[in-house]
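Construct the complete structure from the given sequences, taking the supplied hints into account.
In order, the protein sequences belong to chains P and Y.
Under my numbering, residues 1072 to 1381 are what the first sequence spells out, in order.
Under my numbering, residues 1072 to 1381 are what the second sequence spells out, in order.
Since the hints were made in silico from the structure, they are not lab data.
Don't take each hint at face value.
Since the list gives no way to pick one copy over another, a pair counts as held whenever it fits inside one copy or between any two copies.
Said to hold, decoys possible - Computed list of lysine-lysine pairs in DSS-like fashion (alpha-carbon distance at most 25 Å, straight line):
| no. | residue 1 | residue 2 |
| --- | --- | --- |
| 1 | K1095 | K1168 |
| 2 | K1230 | K1202 |
| 3 | K1084 | K1168 |
| 4 | K1110 | K1202 |
| 5 | K1202 | K1113 |
| 6 | K1202 | K1095 |
| 7 | K1231 | K1095 |
| 8 | K1231 | K1305 |
| 9 | K1231 | K1168 |
| 10 | K1305 | K1080 |
| 11 | K1279 | K1084 |
| 12 | K1231 | K1113 |
| 13 | K1230 | K1095 |
| 14 | K1380 | K1279 |
| 15 | K1230 | K1168 |
| 16 | K1080 | K1380 |
There are 2 protein chains.
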Amino acid sequence: MAFDRLIEKIVEKQNPTVAGLDPKLDYIPSYIKEEAFAKYGKTLEGAAEALLVYNKGLIDALCDVVPAIKPQAAYYEMYGWQGVKTLAETIRYAQSKGMFVITDGKRNDIGSTMEAYATAHLGTTDVEGEKIDAFGSDALTVNGYLGTDGIAPLLDICKKGDKGIFVLVKTSNPSSGELQNLELEGSETVYHRMGKMCEEWGEELPSKYGYSGVGAVVGATYPEQLKELREQLKTTFFLVPGYGAQGGGANDVKYAFDENGIGAIINSSRGIMCAWKKEGCDERDYAQAALREAIRMRDDIKSVVGEMKL
Amino acid sequence: MAFDRLIEKIVEKQNPTVAGLDPKLDYIPSYIKEEAFAKYGKTLEGAAEALLVYNKGLIDALCDVVPAIKPQAAYYEMYGWQGVKTLAETIRYAQSKGMFVITDGKRNDIGSTMEAYATAHLGTTDVEGEKIDAFGSDALTVNGYLGTDGIAPLLDICKKGDKGIFVLVKTSNPSSGELQNLELEGSETVYHRMGKMCEEWGEELPSKYGYSGVGAVVGATYPEQLKELREQLKTTFFLVPGYGAQGGGANDVKYAFDENGIGAIINSSRGIMCAWKKEGCDERDYAQAALREAIRMRDDIKSVVGEMKL
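Written out as structure tokens, the structure reads:
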């Protein structure tokens, strides 16, 4: 199943991290933007071209060290359908370099519509008998507010295509507790309940290494909840945002891992993408700066997690 | 504010309904598909072209009678970036015909990312000083699981651009209660709490007719909750899915309206789009069949709601 593939890549590279590709024009070196605008003008096409060149540079630099990328759909939609084309091309390019791709879309809807999202991002679209991957990602983040029938169509498509999902459980943002931490009758919280639903949904997608194809998003910015959820959700693989720019460190994320050093993948987006700005290096060195930060992050996390073993 | 514009259109047309444009290839008459595939082959481009021609036909037929359309993003994403291009073109075409457009995307994320979604769907993207509407819709459906800082960036952009949002409160699907109906300590449910948050967020987007720019999605399939929520959420405009194909009727949706016959807009998607199949009419008559169904639906709802007055 899908997270077996991801776990194997993590162990092979001894690196449980994912590079978030959330490209804003502000992050992109000016030489890339100038070339793109010279070709397409200051248009959405121009912006989308700059994003693609920037992303490919990052992927080329990172692919031997980092097992996965997580493009965030919002940053592509911001540049229109042209940006969404760059999303599709980024996914394909990263996969061609051997990377696992998690599309961060937080999609959610009723069953019939969720089937369309599942087809779009993880499945195969049928155009009068022709089978075409619209986006063809390896995993998708989703929001479980609608309950089981908003998740079931994803499970079917994951099963057929060896794909996975990550359900939002406890998000990394400051106000995540407003709804997620509300206490239900019987002394559990909304996020606990969502976590349990992940375990149940996951029963349909069993896997080799003990983690089902239904993962959970749990923020690094709430280490206590991360620890508590790791103990409760034995078969749920975690996608952990919030390391770096959002404030989480290695000591916060260590709780996400099991005794074999697996069970989670830690995301950094701005930390990696904007490393060249933070370093103050030549902008043409942006991808190597991203790699330096990715290696620093890997070593930082490995120092608390130890060796990853299957 | 945005829902003032929508309410004025509803009153002018004496029609509190919205046509959901969730186009699957299966729904599209074969003469449209054949032309598109002759031009582009059985490709995502071909599918996207068929969707666009189909949508334009529906919009031309409906625009004098129906005040708004609600394209569902999933059905466009299913046909790749090419489908997403059709989404953008559909939004623009409907607006050029005077219709209000609600993009049904159920987007949600942390603050910085939500700003990107808000910019994409409701705002204006800055490409090095050039201001471009990426999708330029009038309203967007969103999911509030992440709390206030996932909503705040939308409020800013709605304020500047005279736009609105609809937050999922009680959805129309069979399993919506699994999470939404959970009882919190103090005898309210998760969906009640979400409804109250809509009222609070709405304070930032006041309007002429008493309904803020923060609406709520409440399903027609749960008429009791609809009634109860209408009584509790005095300033929250409702988007009500679930009429028609999902099982809701006029007697179920009447509770969504206030004593002036306003306060809500009722969606039908498959009922309108597939009217030609249900009628068994000539497929070239698909748009007029949609109009006949839209008129039947309008009259059905008006028969229980009465005249809409400002």
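- Query: Any hints this thing doesn't respect? Which numbers, in order?
  - Reply: none
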